[in-house]
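Enquirer: What follows is the residue order along each chain.
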Amino acid sequence: MIRFEHVSKSYPGTSRPALRDVSLEIDKGEFVFLIGASGSGKSSLLRLVLREERPNAGQVWVLGKKLSAMPSRKVPYFRRSLGVVFQDFRLLPNRSVYDNVAFTLQVIGKSRGYIREAVPDALKMVGLQGKAARMPHELSGGEQQRVAIARAVVNKPAILLADEPTGNLDPETAQGIMSVLEQINRGGTTVLMATHAAEVVDRMQRRVIELMSGQVIRDERGGAYITQAMPIVRQPEEGVA
Amino acid sequence: MRLGLILKEAFGGLTKNASMVVSVILVTFISLTFVGVAVLLQSQITSMKDYWYDRAQVQVYFCSAIDQGGNCLQAAASDEEIAAVRTELETAPLAAYIESVEYLSPEEVLAETREVLADNPVVDTLTPELVGAIARVTMVDPANADIVVESVAGNAGVESVEDQRAYLEPIFNILNAASAAAIGVAILMLIAAVLLISTTIRLSAFSRRREIGIMRLVGASNGVIEAPFVLEGVLAAFVGSVLAGGALVAIVQFFVRGEIGATLGGTGLLVGVGDAVSIVPVLLLIGVVLAGLSASVAIKRYLRV
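Chains as they are written, first to last, in this note's numbering: chain A, 1072 to 1312; chain B, 242 to 546.
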């Protein structure tokens, strides 16, 4: 589903690379936490998956497509199979909840009939039925993030990327968001979530990939935020014995 | 659905940046008005040239008894001298360039002069001896008048040879200069319009960077993202072009046909409202294409960065 092969990424004007020789593979239907200190390369990794950036070395494969070989004009169509959620929600402040979610479908040219079916479904999935007519500023942070999630999944993407989706929320609200993400994951969507929230990672007991200075230092199934086990650095090219 | 969305976005942008949009409209309006004026001046010049050059003749003035200039020696041109000139005009090689020659004897010239200057007491003092005969040469192509002038000017008994087009040159020079000035202003204003449209579009894109970001994120194709901005520029320029077209028709109707027509006492040769109307589609095309191109380049560059 997502495969990194010896991926390195550095930005112009910085000496330290954002990612250094990262190799990893995420399978369909997995729920993966991406953890690490600020600047450890989590966001760069997500941007590479979205093809907002291209690696300086190595290959990124997403949904069976080699992103470096993808022409720019095909990128929009590729992105339609990804959903993205951010820490700062990124809603359109002058549009209602319904319109924010419908906007995604409108700009990719879905029919009016499809939108009328899909938007209420997505709102129901995130628990916002009945709030379709509200404006974003009338909602709490948790509700705004639910709108953002509804917008990300309304087009039924194969992969959901979440960049610290609970970063601006209190632990209780964060828990609500996590159960929405879990539910989406149960529906078959692969979820890759970058986070700092230790309690969230500890409670979920899912696969954890930890980055430090642009390198994968731990890839643990059913892991916690701070590992009790020895760090395992998985290196797929040497084969799993 | 998508078309509706694009239109909604475009109109949203227009209302958000109202002052910039008004300036785009005004600049396109003025620049295209100058383009139209330049085109109309050129067609005015062409129609006047066609009309007057066809009527411009070469006049050969023969000596009268009192003339001293040219080849005259204070003696009227003799019949032989006149006949020699007429023969030269009516045989090859000159005959090929000449459509017709009209010969006026001194008496006929005097009669014509009296007619033209009927109110002037000076004509009463004129006698046939004081005026010379005239040969009026109508050219097949007035541009070849020099050939006749050069061939005949040296003949005995010829006072002077005159190409009437020389009288018209200053008028056409003025009109040509005015037309060139209009084209110059038009080009400068069009450059200003293009730059202003680019800036407006970038400003509009900046004010909608949230929407653009989300559109790119969810996989809107570049066409869908760019279309509202291009449409915004095109709509503003279209309004400016329509105003320019209206101004041009009004200029012709009220200034050219009205003011100038009244001064000249006739509008036969002047450009008409029909000419102005036929230029309007050209102005619309220039405005829309120019705006579309500059807006599209501007938004593509904005999105790439």
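Since the hints were derived computationally from the structure, they do not count as laboratory data. Please note: incorrect hints may appear among the correct ones.
Unchecked claim - With the C-beta cut set under 7 Å, the calculated list includes, among others, these residues of chain B facing chain A:
hint : residue
1    : Leu246
2    : Met456
3    : Ala461
4    : Ser462
5    : Gly464
Said to hold, decoys possible - Okay, the calculated beta carbon distance ranges per label pair:
hint : chain 1 : residue 1 : chain 2 : residue 2 : range
6    : B       : Leu436    : A       : Arg1292   : 31 to 41 Å
7    : A       : Arg1166   : B       : Leu436    : 31 to 41 Å
8    : A       : Ala1140   : B       : Asn463    : 18 to 28 Å
Glycine residues also receive a C-beta, built at the ideal position from the N, C-alpha and C atoms.
Enquirer: Of the hints given before, which are not true for this structure?
Expert: Those not satisfied are hints 5 and 6.
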